[in-house]
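Protein chains: 2
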Amino acid sequence: MEDKMIESGTLDSRDFDAEVKEIIELVTERRYSKVRSMLLEKNAVDVAEILEETEEELGLDREILIFRMLPKDMSADVFPFLSEDNQVDIINGITQKETDQIINELAFDDMIDLLEELPANIVDKILVKTTKEERSLINTFLNYPENSAGSLMTIDYVHLKRDMTVAESLQHIKDVGEDAETIYSCYVIGEGRRLIGVVSLRNLVMSDPDTAVSTIMRSDVMSVSVLTDQEEVSNMFRKYGIIAMPVVDREGRLVGIITVDDILEVIDDETTEDFQRMAGVTGDSDDEYLEMSVWRHVRTRLPWLFILMCSYMITGGIISGFEDMLSEYISLVTYMPMLMGTGGNSGSQSSTLIIRALATEDVQISDALRVLWKEARIGILVGLCLSALNSLRIIYIDHDTAGVALTVCGAMFIIVMIAKCVGAMLPILAKAVHIDPALMAGPVVSSLTDMMSLGIYFVFASIVLGI
Amino acid sequence: MEDKMIESGTLDSRDFDAEVKEIIELVTERRYSKVRSMLLEKNAVDVAEILEETEEELGLDREILIFRMLPKDMSADVFPFLSEDNQVDIINGITQKETDQIINELAFDDMIDLLEELPANIVDKILVKTTKEERSLINTFLNYPENSAGSLMTIDYVHLKRDMTVAESLQHIKDVGEDAETIYSCYVIGEGRRLIGVVSLRNLVMSDPDTAVSTIMRSDVMSVSVLTDQEEVSNMFRKYGIIAMPVVDREGRLVGIITVDDILEVIDDETTEDFQRMAGVTGDSDDEYLEMSVWRHVRTRLPWLFILMCSYMITGGIISGFEDMLSEYISLVTYMPMLMGTGGNSGSQSSTLIIRALATEDVQISDALRVLWKEARIGILVGLCLSALNSLRIIYIDHDTAGVALTVCGAMFIIVMIAKCVGAMLPILAKAVHIDPALMAGPVVSSLTDMMSLGIYFVFASIVLGI
Numbered sequence: 133m134e135d136k137m138i139e140s141g142t143l144d145s146r147d148f149d150a151e152v153k154e155i156i157e158l159v160t161e162r163r164y165s166k167v168r169s170m171l172l173e174k175n176a177v178d179v180a181e182i183l184e185e186t187e188e189e190l191g192l193d194r195e196i197l198i199f200r201m202l203p204k205d206m207s208a209d210v211f212p213f214l215s216e217d218n219q220v221d222i223i224n225g226i227t228q229k230e231t232d233q234i235i236n237e238l239a240f241d242d243m244i245d246l247l248e249e250l251p252a253n254i255v256d257k258i259l260v261k262t263t264k265e266e267r268s269l270i271n272t273f274l275n276y277p278e279n280s281a282g283s284l285m286t287i288d289y290v291h292l293k294r295d296m297t298v299a300e301s302l303q304h305i306k307d308v309g310e311d312a313e314t315i316y317s318c319y320v321i322g323e324g325r326r327l328i329g330v331v332s333l334r335n336l337v338m339s340d341p342d343t344a345v346s347t348i349m350r351s352d353v354m355s356v357s358v359l360t361d362q363e364e365v366s367n368m369f370r371k372y373g374i375i376a377m378p379v380v381d382r383e384g385r386l387v388g389i390i391t392v393d394d395i396l397e398v399i400d401d402e403t404t405e406d407f408q409r410m411a412g413v414t415g416d417s418d419d420e421y422l423e424m425s426v427w428r429h430v431r432t433r434l435p436w437l438f439i440l441m442c443s444y445m446i447t448g449g450i451i452s453g454f455e456d457m458l459s460e461y462i463s464l465v466t467y468m469p470m471l472m473g474t475g476g477n478s479g480s481q482s483s484t485l486i487i488r489a490l491a492t493e494d495v496q497i498s499d500a501l502r503v504l505w506k507e508a509r510i511g512i513l514v515g516l517c518l519s520a521l522n523s524l525r526i527i528y529i530d531h532d533t534a535g536v537a538l539t540v541c542g543a544m545f546i547i548v549m550i551a552k553c554v555g556a557m558l559p560i561l562a563k564a565v566h567i568d569p570a571l572m573a574g575p576v577v578s579s580l581t582d583m584m585s586l587g588i589y590f591v592f593a594s595i596v597l598g599i
Numbered sequence: 133m134e135d136k137m138i139e140s141g142t143l144d145s146r147d148f149d150a151e152v153k154e155i156i157e158l159v160t161e162r163r164y165s166k167v168r169s170m171l172l173e174k175n176a177v178d179v180a181e182i183l184e185e186t187e188e189e190l191g192l193d194r195e196i197l198i199f200r201m202l203p204k205d206m207s208a209d210v211f212p213f214l215s216e217d218n219q220v221d222i223i224n225g226i227t228q229k230e231t232d233q234i235i236n237e238l239a240f241d242d243m244i245d246l247l248e249e250l251p252a253n254i255v256d257k258i259l260v261k262t263t264k265e266e267r268s269l270i271n272t273f274l275n276y277p278e279n280s281a282g283s284l285m286t287i288d289y290v291h292l293k294r295d296m297t298v299a300e301s302l303q304h305i306k307d308v309g310e311d312a313e314t315i316y317s318c319y320v321i322g323e324g325r326r327l328i329g330v331v332s333l334r335n336l337v338m339s340d341p342d343t344a345v346s347t348i349m350r351s352d353v354m355s356v357s358v359l360t361d362q363e364e365v366s367n368m369f370r371k372y373g374i375i376a377m378p379v380v381d382r383e384g385r386l387v388g389i390i391t392v393d394d395i396l397e398v399i400d401d402e403t404t405e406d407f408q409r410m411a412g413v414t415g416d417s418d419d420e421y422l423e424m425s426v427w428r429h430v431r432t433r434l435p436w437l438f439i440l441m442c443s444y445m446i447t448g449g450i451i452s453g454f455e456d457m458l459s460e461y462i463s464l465v466t467y468m469p470m471l472m473g474t475g476g477n478s479g480s481q482s483s484t485l486i487i488r489a490l491a492t493e494d495v496q497i498s499d500a501l502r503v504l505w506k507e508a509r510i511g512i513l514v515g516l517c518l519s520a521l522n523s524l525r526i527i528y529i530d531h532d533t534a535g536v537a538l539t540v541c542g543a544m545f546i547i548v549m550i551a552k553c554v555g556a557m558l559p560i561l562a563k564a565v566h567i568d569p570a571l572m573a574g575p576v577v578s579s580l581t582d583m584m585s586l587g588i589y590f591v592f593a594s595i596v597l598g599i
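Taken in order, these protein sequences are the chains called S and Z. Going by our numbering, the residue at position 284 of the first sequence is 416; the numbering climbs one at a time, nothing skipped. Going by our numbering, the residue at position 230 of the second sequence is 362; the numbering climbs one at a time, nothing skipped.
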């Protein structure tokens, strides 16, 4: 969370853009000392942005030059906010000694993130100075499953002992807090590093110096296991409005903490992942849209488009089966897109709402029947309204026969109702069999309902029109 | 943020469900003192959940009974976490004196939230004891536009004066911090309450007691205006990983702060809103899916379904215009759903990705041409692949003529390419004219591409087949 740097920055994004331009100009004019003094006033996130802008406008050499001008601790702050490409370029561009200095200053969780992302030769350059013990710890962290609490946590936390007083605790925080990710939640550990309590800096500051920590700590500490999924962790942050969460191993020993700033990123990533899955885009890519190559975009989009395209062979087969009827009543074709489209839209509405409700835990798998009952009633009402409006249009605008109107509107009613139920049930069903519900969104639902819509439509037509 | 209660709770949701059951059982057996002692160990969020469960299982009377058994400060903590219905029921079920006690203990921003939501008669009961000044302040807050920083902020913050020392500041925090939403960020104000700096509790604790606050404060404070949109505020929290943000009025005077727990809720609401809009569901409802009545669901879903259904009149018109051709080549109808579906899916992929990229600010309006160029190339590659695979199928599986294969695959290529470009441009265009980009998602895009797909398909067919 880096409590140290959290409260400064730039207010207005237009001001910021103007400043970036000014700095780039100063770099062009080689007025580096002015550039340096301007950067010193900025926070790490903004400096990283300015460096990337410099690289884009003036090339890598200038970026490395400016990066090297920054004070050591600032360059370590800035480094994690650079894009992967820029990180690799900079590590390649600076000396081993400079690399060591940066790595030395990095927060532990930022280092783990780097090691997970960067190519092997860079990793070697980074790890050259670490001790055997550090390497073993790093390895443990790298082995936590992706998206687990273990892969999110940091070891830079403050822990207290139960027999400390408030004054001793505050002194301890003063001594060791410099490197901690946060000092606002301090964890009290007992024998064998077992987590036995938590005390907030707030409580420490508000309490009498002679009070024992054990009397003001909360002993019913909320914690998660290293293997807890990050989505569950972020739901707990959201539900309880907390700023830090301790992580324990199987034996209840404190091994790390997760802070709210990491959770903001997790929520972001999880939402983006939901959007990608809902769009039928494969591969969990954290990369930004514009940074991904055309080829990678193609690779992520083709699979679902292909699968769904193939599913339309069935739909085509249904049509082939009714070709004689269609030749006779060619006007039936006119209403095909409307029925398929409205069915798809009705189903997408329900599936999207349920996907979201499942993500926020407003709806659980056990609510399946309640949801079905609700959607069935919604489907009946929506279907009735749309059918009624549509029959007026067919008779008074299209001047088609009552038979066609009855066919189209009858089919519409059934299609909407079933689409609503199917759209709502698919995500719940997916969750029940441990598939991501977000996959059951627009594309899949509309391909399925297209098939169903045509079947219902044609069967209905053959009955009403007596073919 | 309620730093006071942030670190306790229950680890495992299964354990929690079991405990809730146990408590409900104890209530049924009227063993209230045991219930009370169990609740005292829980945090406010969980107690609220247990109360609501009690109401559902055993009725309102029991819920109110248990609520009244809670200590005063706890009932004020729990109250904001109850659902609106429960809040109204409880205020109606308790005495004016009890109401006053709860209101007295409420955080200012929670009170404002209540006043915004609850019916007028309840609001009167709540405001009965407030002074004229308080009412005027409350009115100012109620008048901030919905979704503005002003409507999110709280006045319960700690402010320091520039000439205080660290020791004086810590003493001041001890004196006034009890009611503050957070004491981790303290704001330094100058003449006329103008915000001139910020100092974190971390810095205060880590600094020498005799240091002057003005020497350790950061004077380049990040702040937002009362009118800043909440989405922009939450993007700043996300970008900079901060836990609190000061809010200033037009004259730069400090009027409130926003804390990260409120931002977690904002992010949640904004994402849900995006999902609703993408599903073509109207009305910004913060209510949970299961809590909304069938009628309200119908009202939110009908408008877009109806508008899109009407748009299919144009699609129907296109088909009518080509009825003669279709009668002659009825097998062309077979491929209609596949072309429309694949076009819709291709467009939805692009629009969904761009909607998300706009929300996370990875893509800006000014990137429009870069996006278009990228999507055009993606569209060409994806279109080529799908067309090639499809032509094989038409010739070798469907045994259709080369003419039909050429028509279908030629149309497919053009449709996919245009759908990708249109799908990606619509959200950016929407943003440029200040419409929510999320509206340009699946339903709208597929209705549009359906129209376009048929037009392209038929024109292509009439050229290739020489009709």
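Careful: at least some of the hints might be erroneous.
It does not matter which identical chain is meant; a pair holds if it fits inside one copy or across any two.
Think about it this way: if two alpha-carbon atoms lie no more than 25 Å apart in a straight line, the pair counts; the simulated DSS-like pairs of lysine-lysine are [said to hold, decoys possible]:
#, residue 1, residue 2
1, K264, K166
2, K306, K293
3, K293, K166
4, K306, K257
5, K293, K371
6, K257, K229
7, K153, K371
Read the hints as simulated data drawn from the structure, not as lab findings. Since we're looking at a predicted model, the values are computed, not measured.
Going down the list of hints, with the structure as the test:
For the homomeric pair K264 and K166, neither the shortest alpha-carbon distance inside one copy (42 Å) nor that between copies (53 Å) is at most 25 Å. For a Cα distance limit of 25 Å, the shortest separation of K306 from K293 qualifies both inside one copy, at 15 Å, and across copies, at 23 Å. Proximity of K293 and K166 under a CA criterion of 25 Å is satisfied in neither setting, with 48 Å inside one chain copy and 32 Å between copies. Taking identical chains as interchangeable, the C-alpha atoms of K306 and K257 are never at most 25 Å apart, the minima being 33 Å within one chain and 48 Å between chains.
Taking the closest pair of Cα atoms, K293 and K371 never come within 25 Å of each other, the shortest separation being 29 Å inside a single copy and 35 Å across copies. Taking identical chains as interchangeable, the C-alpha atoms of K257 and K229 lie at most 25 Å apart only when both belong to the same chain, with a minimum of 10 Å there against 69 Å between chains. With identical chains, the CA atoms of K153 and K371 are at most 25 Å apart between copies only, with a shortest distance of 20 Å across copies and 42 Å within one.
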